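Engineer: Read top to bottom, the protein sequences are chains C and X. The first sequence begins at 1 in my numbering and counts up one residue at a time. The second sequence begins at 1 in my numbering and counts up one residue at a time.
Keep in mind that the hints are not guaranteed to be accurate.
As the list claims (entries may be wrong) - Straight-line distance between alpha carbons at most 35 Å, and here's what the computed DSBU-like set of lysine-lysine pairs gives:
hint : chain 1 : residue 1 : chain 2 : residue 2
1    : C       : 222       : C       : 163
2    : X       : 135       : X       : 112
3    : X       : 46        : C       : 350
4    : X       : 216       : X       : 233
5    : X       : 46        : X       : 135
6    : C       : 350       : X       : 37
7    : X       : 113       : X       : 46
8    : X       : 216       : C       : 350
9    : C       : 384       : C       : 223
10   : X       : 244       : X       : 112
11   : X       : 113       : X       : 216
12   : X       : 4         : C       : 350
13   : X       : 92        : X       : 113
14   : X       : 83        : X       : 244
15   : C       : 232       : C       : 350
16   : C       : 154       : C       : 239
17   : C       : 80        : X       : 135
18   : C       : 350       : X       : 135
19   : X       : 233       : C       : 350
20   : C       : 239       : C       : 80
21   : X       : 112       : X       : 37
What the hints contain is simulated information worked out from the structure, not anything from laboratory work. Remember, predicted model here, so these are calculated numbers, not experimental data.
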Amino acid sequence: MVEKALRGGVWYWLWLLLLVSFIGLAFYFWLQEHHHGAGMLTGLHRDLTWGFHIGQLAFFVGVAASAVMIVLPYYFHNYKEFGKITVLAEFLAVGAVIIAMLSVFVVMGQPTRVLYVILNPTPNSLIFWDLTVLSTYLFLNLLCGWMVLHSEYKGTKYPSWLKPFIYWAILWGPSIHIVTAFLLQGLPGRHYWLTAIMAPRFLASAFSAGPALLIVIALLLKKIANFNVGDKAIQTISKIVIYAFIINLLFLFFEVFTAFYSGIHSHMAPFLYLFFGYEGHREWVPVMWASMILGIVGLVLLLIPSLRRSETTLTLGAISIFLSVWIEKGVALMVGGFTPNVFETVTPYKPTIPEIMIATGVWSLGLLIITVLYKITLSVYESKNLAVKTRG
Amino acid sequence: MSMKRRDFLKITSYGIAGTFLSLTGGVIVGRGSELLKKMDTSSSEKVKWAMVINTRAFQTEEDFNSVILACHRAHNVPDIPDKIREVKWIWKDTFVRGFPTAETKYIGDEIKKRPFLLLCNHCDNPPCVRVCPVKATFKRKDGIVMQDMHRCIGCKFCMAACPYGARNYNFYPPREYLRSVNPEFPTRSLGVVEKCIFCYHRLDEGLVPYCVEASKGKIFFGNLLDENSEVRKVIAENIILVRKPELGTNPKVFYII
Numbered sequence: 001m002v003e004k005a006l007r008g009g010v011w012y013w014l015w016l017l018l019l020v021s022f023i024g025l026a027f028y029f030w031l032q033e034h035h036h037g038a039g040m041l042t043g044l045h046r047d048l049t050w051g052f053h054i055g056q057l058a059f060f061v062g063v064a065a066s067a068v069m070i071v072l073p074y075y076f077h078n079y080k081e082f083g084k085i086t087v088l089a090e091f092l093a094v095g096a097v098i099i100a101m102l103s104v105f106v107v108m109g110q111p112t113r114v115l116y117v118i119l120n121p122t123p124n125s126l127i128f129w130d131l132t133v134l135s136t137y138l139f140l141n142l143l144c145g146w147m148v149l150h151s152e153y154k155g156t157k158y159p160s161w162l163k164p165f166i167y168w169a170i171l172w173g174p175s176i177h178i179v180t181a182f183l184l185q186g187l188p189g190r191h192y193w194l195t196a197i198m199a200p201r202f203l204a205s206a207f208s209a210g211p212a213l214l215i216v217i218a219l220l221l222k223k224i225a226n227f228n229v230g231d232k233a234i235q236t237i238s239k240i241v242i243y244a245f246i247i248n249l250l251f252l253f254f255e256v257f258t259a260f261y262s263g264i265h266s267h268m269a270p271f272l273y274l275f276f277g278y279e280g281h282r283e284w285v286p287v288m289w290a291s292m293i294l295g296i297v298g299l300v301l302l303l304i305p306s307l308r309r310s311e312t313t314l315t316l317g318a319i320s321i322f323l324s325v326w327i328e329k330g331v332a333l334m335v336g337g338f339t340p341n342v343f344e345t346v347t348p349y350k351p352t353i354p355e356i357m358i359a360t361g362v363w364s365l366g367l368l369i370i371t372v373l374y375k376i377t378l379s380v381y382e383s384k385n386l387a388v389k390t391r392g
Numbered sequence: 001m002s003m004k005r006r007d008f009l010k011i012t013s014y015g016i017a018g019t020f021l022s023l024t025g026g027v028i029v030g031r032g033s034e035l036l037k038k039m040d041t042s043s044s045e046k047v048k049w050a051m052v053i054n055t056r057a058f059q060t061e062e063d064f065n066s067v068i069l070a071c072h073r074a075h076n077v078p079d080i081p082d083k084i085r086e087v088k089w090i091w092k093d094t095f096v097r098g099f100p101t102a103e104t105k106y107i108g109d110e111i112k113k114r115p116f117l118l119l120c121n122h123c124d125n126p127p128c129v130r131v132c133p134v135k136a137t138f139k140r141k142d143g144i145v146m147q148d149m150h151r152c153i154g155c156k157f158c159m160a161a162c163p164y165g166a167r168n169y170n171f172y173p174p175r176e177y178l179r180s181v182n183p184e185f186p187t188r189s190l191g192v193v194e195k196c197i198f199c200y201h202r203l204d205e206g207l208v209p210y211c212v213e214a215s216k217g218k219i220f221f222g223n224l225l226d227e228n229s230e231v232r233k234v235i236a237e238n239i240i241l242v243r244k245p246e247l248g249t250n251p252k253v254f255y256i257i
């Protein structure tokens, strides 16, 4: 089955080449950072030690976890329409977990000591648990996706011993995101994060942004690769996206209500900084409102049934929701957690070009793995269709 | 489906018996944990180091600088010009920044502008120790929160967890920013976290920390568990503050106001 990834057209190879060059560029910047120091290359500072990269961890763990929204109906409730898209969702999760884990690795000041996390297991640290659950989830999705595709390839049903692993992966999806939320929500003195609704909100935003990305990917594959996952599947996913997104917005409202009705200054301050500016600092105000506007656009496009049924508006809506959540969770979540800082003053943070380039490299590596896995998937289905045609 | 009276009574009595059994279990668990605590002799620590800073005694620039320099020189703390990425183990800051949850609107100008020495609080319940994935930061028996710069992986989780901004990441190659090197203490490499270690190496030799020595009586240091210690006396006799007590970290650096 692997050999199918080695046969492709010009565009396939050019796309891979582009991804590889982004990875190479990121590797260069990463080496520079470890030579000259994060002070020379990144926007991080004493008062904001987790920036753009850890934001990507939070966001892409969500994308990975959201595979459960496709996997669960298909395997557990036997929802046949998700047959083709389930493998896509599982392989998307594989790539997303790799992006998430690498995003942590690139911020490490001493990358050669990474194995200390395993050699000195420290159960009281959430990083230990995050590493454990993420690597397990990576293995589970790779195993389930690959085995299911392989039986498709051979024209049989997947082996019965896979069933427990599938259920395990279903349980694991939400777990990885809850653990990632726990990284943040248990820290005293970080008011923006210290909220019990962090984990549920993580799940809600993940279950909207992840499937939204899957819709965009599925529609793209339909256009460029003539691979149709089925309109009914896409319509069902778009409903999952919109319900999860509404719950996410509700959770945001709960947060704002609690902070502002209680009137506790330290809880209001991060919201004030992000949405309106604080002590004369307004760096993130336009970005936050961009996220809000995108969210409302996505809400309208996906909520109205006639717009949701049209592929153009559905794509636009899915992209809007994806970007809205990405800005809010992939970028602003870190900024709000660290600003105002522990002295209740503002030390502004802006991600630098090298930081963004390193992140681009990390995304590219994830995309590369997703591309190769999708190439295999599409080839398997294509050869099956051919076989049906010649026989018929 | 209707139930017979006999069955109903049977089930009800099982329910009542079950409730009593659970209650007994609850009492045993509750009492048992107390008993275990009493039996545990390992928690009978005798030393818990603490610091009391007399902020009224610190008047001139020189008062602060001599203390800060004594520490930074002895521990090879690099002098980094980039203020938002500098490394500092003990430093001078304002009351408003150090105690942001305290009332500061109507307090006197003198205290509002009075500089405070800030450093690691060596919390009794340290969030940094809780989050470290490799035990590079850990609490000693005598309460000192330690930092192993040779084990630190540079994930910076502890810096997100510390509510006092007392931890430093080496954003720049530290050895390039050292004017002189004290061979008695290790220098650090890029990408590790460091902070005040309450001069554990001096305490083990029976000496007081460098800052305490350099303060010439303006900083008190001693055993918080010893009722007759100097720190206990000055804490009892003065109006004292600790930073952000509401977070439950239990700081062991006290400030005389």
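Engineer: Could you run down the list of hints and mark each one as holding or not?
Structural biologist: Hints and how they fare:
no. : hint          : result
1   : C:222 x C:163 : holds (30 Å)
2   : X:135 x X:112 : violated (38 Å)
3   : X:46 x C:350  : violated (48 Å)
4   : X:216 x X:233 : holds (18 Å)
5   : X:46 x X:135  : holds (24 Å)
6   : C:350 x X:37  : violated (50 Å)
7   : X:113 x X:46  : violated (38 Å)
8   : X:216 x C:350 : violated (43 Å)
9   : C:384 x C:223 : holds (20 Å)
10  : X:244 x X:112 : holds (17 Å)
11  : X:113 x X:216 : holds (23 Å)
12  : X:4 x C:350   : violated (74 Å)
13  : X:92 x X:113  : holds (12 Å)
14  : X:83 x X:244  : holds (24 Å)
15  : C:232 x C:350 : violated (42 Å)
16  : C:154 x C:239 : holds (33 Å)
17  : C:80 x X:135  : violated (48 Å)
18  : C:350 x X:135 : holds (31 Å)
19  : X:233 x C:350 : violated (48 Å)
20  : C:239 x C:80  : holds (17 Å)
21  : X:112 x X:37  : violated (44 Å)
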